[in-house]
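Chemist: Chain by chain, the residues run as shown.
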Amino acid sequence: MTAIKDLWHTTWRKTAAAAIAAVCAVSLAGCGLNTSVGTAATAAGTSAQSTDTVRYALWSNPNGQFNPVTYFTDYDRAIIFNVYSRLVVLDAQQNYQPSLAKSYNWSADGKELTFELRDNVKWHDGEPFTAQDVVYTYAATANKDFPLDPSTLVQHLEGYEDYHAGKTQDFAGITAPDDHTVVFHFATPYSGALATFADKPVLAKHVWEKVPIAQWKTATDLLKHPIGTGPYKFKEFVDGQYVALEANPDYFEGAPATKNLIFKIVSPDTLQTAVINKEVDIAEISNFNSKELDAYKQQGVNIVEGEGNGGQYLTFDTKNPKLADKRVRQALLYAINRKGIIDSLLYGHGITFNAQAHPSDPLYPKDLNSYDYSPEKAKELLKEAGWTDTDGDGFLDKDGQKFTFTINFPTGNKTRELSAPIIQKNFQDIGIDAQLSQADFNTTLAILQDPNKQYDGVLMGGTFRPQQYGSANWWSRWGEDGESKAALDKVNETTDPTALAQAVSQYLHLENDEVPFAFLYIPNQGTAVRPEVKNFERSTYEIFSNVSKWSVSPSQAQ
Amino acid sequence: MPIVKYIARRAAIAVVVLFGISLIVFAVLNLQPGNPYASMFSPQTDAATREELLRKVGYYDPLWLKYVKWVGRALQGDLGYSIQLGVPVTAVIASRVGNTLVLTVAAAVIAFVFALPVGIYSAIRRGRVSDRLITVVTFGIMSIPAFFLAMILIRVFSAQLKVLPSSGMITPGFAGTPEQVTWDVIRHLIMPATVLAAMSFATYSRYIRSSTSELLDADFVRALFAKGLSRRSVIYGHVLKNAAKPIVTVLMLAVPGLLSGALITETVFSWSGIGRLGYDAAVGRDYPLLMGITLLLALVTLLANLLGDVINVIIDPRIRVQS
Amino acid sequence: MSIENTAVPSIATAAAMHGAKDNVIQTVSDATASDTVGRTTADHATRSSHSLLRNPLFAGGLAVTLAIVAACLAAPLLTRYAPNDIDLNSLEVAPSATHWLGTDALGRDIFSRLLYGGRMSILVGLAAVALQIVIGVTLGTVAGYHKGIVDAIVMRISEIFQCFPFYPLAITIAAVFGANVWNVVLIIGVLQWPGLARLVRAEVLSLREHAFVDYSRAIGVPTWRILWNGLVRNCIPVIVVNGTLAVTTAILSEAALSFLGLGVSQPDPSWGNMLSSAQNFRVLSYEPWMWIPPGVAIALLVLAVNAMGEALQEHVRPRFGYIADIAPSHRH
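Protein chains in written order, with the working numbering: chain Y, 2 to 559; chain D, 539 to 861; chain S, 2 to 333.
Treat the hints as calculated values from the structure; they're not laboratory data.
Even for Gly, the Cβ is constructed at its ideal location relative to N, Cα and C.
If a hint is listed, it holds; no wrong ones were tucked in.
In silico DSBU-like cross-links for lysine-lysine, where the CA-CA straight-line distance does not exceed 30 Å: (1) Y:Lys225 x D:Lys607; (2) D:Lys607 x Y:Lys211; (3) D:Lys783 x S:Lys148; (4) Y:Lys123 x Y:Lys550; (5) Y:Lys292 x D:Lys700; (6) D:Lys604 x Y:Lys145.
Derived coverage of chain Y by chain S (criterion: at least 3 residues anywhere in the stretch with Cβ under 8 Å from a Cβ of chain S; other residues may be distant): (7) 267-276; (8) 289-301; (9) 334-345; (10) 431-441.
Negatives, chain D to chain Y, calculated, CB over 12 Å: (11) Leu613; (12) Gly678; (13) Asp755; (14) Val759; (15) Leu767.
The shape of chain Y in the complex, shown without the other chains:
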């Protein structure tokens, strides 16, 4: 009661002070405040001026699944690719270069892939890296207890069925003749093998063998304290805030130039201010609006732009009777103003594509049908397929059925969300009663995963994997049988370069003609880089290929 009296008597200034004091008391006392402070992070004061730290913005919190074979998100991936290293990496020309391996070699029949490993590589805990680590990593993904689905790679290896069923203790498909050699034995040749090794780093056997494979996704302690062989050692992960990494002086390609690499979680909405206010040094930008780019440039921030490695598409349910006719699907693709979408939503910073491969892929055919925007052609094709407006209601019909089309799309990608109403309008323009149906990502995915669920079209995004074709990570109901499957199998089984080029061309032409998806656009990747940062380089598929050379020069006066 006296407290109340006191408060009543206090002046406003004092009450405000009291409020702040109370807050201080709370945060000082800790109260479980989850912002543990990096002890190794150099001198006191803000790190905005320090030259031993590069801060990279992550758009979203990583899940903390820092295991190279079980992670899900791109955010976990960013951490993993700096802490771990891979047998091979992609160079700027999209060729595979050995990394953790010294060299690799395909046998003539395409059934054996041999890696010679680097010697003198050490795990971050000091243990030596050996062939056993490689064998262990990839065999684990074929184990019956592995908590995710086995990769396509291991399914192509010899003895996979027996090992996966638990009939054999050792996986015949992967052997280590000595400590620095690993051989993969394929039952059927698999041309996408190197892509898998460029995507899944090697983990440490001596660390992970302590945990049963079934529990790999839940082994929190190990997941959150990854031990790798990469340029940076893991230091700490403050959930929802940042991940701090520290240079690995023993990195096999030389110690990184900058001591600390910090990934700060910054929402794309506030990214620009974070970069301009020097809260982060490097950030992938979320759009190419000229005002936004100007704002960066005015502050001296560089925008490094390159082609993107992910494509957006509208996948058609080819088993849906309405869409079974390829002319209908072609018509829908002609109807979409893809260039309009790129010009308006991406401000011109993107490209179209016409088959499921990156247009810069060396094997991407140059003579694919480009399906340039043409509502007239679309209407013509639909007419050929029997769709006309017989009852004069403004919508096409066939056998008394109106042409309706529901565009399902998940939330989460702003550009994609905005593209949905444009596509809706494009479809309406050619006489289709198009509707939108928005849902969260998992609900939308569930539509695609249920083979009994009929849909019209779903907007999705997929990442290209160099020299991997077919629907490996794209959702489609096409290509599971017949001509398309035969063509794809041919691609996967061919390792001879000339024959492969031919097989790929054949497959992509078929896909281009069949239109199982409306291929929409590939947004460019833009990275905002503060002027203090030196040697930032990236290629289409590798953001961190150059990470060990990134450095920060002393802050420039504004």
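Chains D and S: place on chain Y using the hints.
Modeler: Here is chains D and S on its own, set in the frame of chain Y:
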């Protein structure tokens, strides 16, 4: 010991309510067709593998069995694993709950510190121009959507003046003395706490105003005035003393509102507390995590109410008779 | 703000000196003094509506509300743009003579979207409150009239709903059942009825002690008629006041859910989802026309309706004033 009996009765009701809440949330989460594990699979996963993996995680269990299993584990303090994070739900929540506590306590303190004098002042000046003015301003604050207020603050203080960080809780990689760290956190805390406080301020001040105003009308106060005591001594000596009880009530009742409001402010400002976690869990369909968070929030609310009751009983023993 | 929105009954009891019950008791004792229950209502009625209109708070609130509602209803007359008309040639254009409030990221006219979005906000507000009233009044009356076990069950259920911080449960339901207008109405209606139910129950509980209930029963009046004529009608002032304030809560809740991407979904406009498109620094900094209008519109409408509710409250309960102050609750 009537007071013990009273508390026991309230606690028993709280348990029933908690049980009811878990049932409702569980039903909501499980009675819909979507699949929380959908994003675990890549397009190349064939149907058989998918089924096998889903069976492993108990996806095909009948609903009642799922619930019984869940309750059984929950009673032992095991709320399962977060689907997205692969970490025990209790661990995720524990790592975030402190952040929400800091935010809500700061907001409650700010709101209360402003609401108390404003409420009492306008009760004393009831019906006058100053009271009317306060009413209008209060309603104005109350009418601005929290996220709109947040956007305005970010626009002004982060984008334009560049004096406050736009999001997050601490400058990454920040190191310094505990004082410096505290100051850094406070800088991040100012905007979210202000928004959350603004959401609560109106309610608090209106409540304090009406309870004080009722006290001013109470017979005993009139008697005091009649006795010839000065207005000042009546107000400071008697009215405020008696206002303690409604103030306890308002503080306890404010808990669910604060937690609810924290969801919006934490989401807008990337403050990594329970609210933002709940939003992420809902959008990502992380059902075990959502169950854990909703139950925790319900539990905290129930406890706050119970505490409010108990304190009121202690302050004013007459209540026991009524119950 | 629903009355006792987040309260648990024991606290309501504990806070009896400051609570609804007091008001109710007050009403009842007035009524007893004048010997009929009907008189209380009649008293309110005789404090005629023009005295309410003379209250500047009410008149102002009403004028603004009507102006906004009229503008939204007359949308087709006020703008020549359809709200969903995409124009890829004029994206994010600043306000001008052609587009009074500029255009959004798809070249859609903001003024048109503001008007049509307003329809959505008002619709959700009214529909959600109607649902709340139906559930709340029915359960509150039944609980108050029957007392005993029925009352206990209804009260426990209402406690379950009240114990819940609104947004966490609302986003859970919205995420699970999908984002659309009717789900938003359902969520708000179903989660926010208990406040009204408790009030009606309290009113009914005290009214049912009155002689007229026994008389009616003695002369064979059916229960439903007793409930309707004698009890519910006496609760109308409470329902009106509470309902008016609940509209503002519903409008703000819709806006918040849509802002979080869990309410009204694309391409249809609502004030909340218009604001959510501005969750971006560029828009915040350089394109105020995209977010200021919907934000101001929400605040203005909510303020106006609040003012009306406040005035109504004073009108109905001149002695004690603020019913809505009984228990704090959160509106956002």
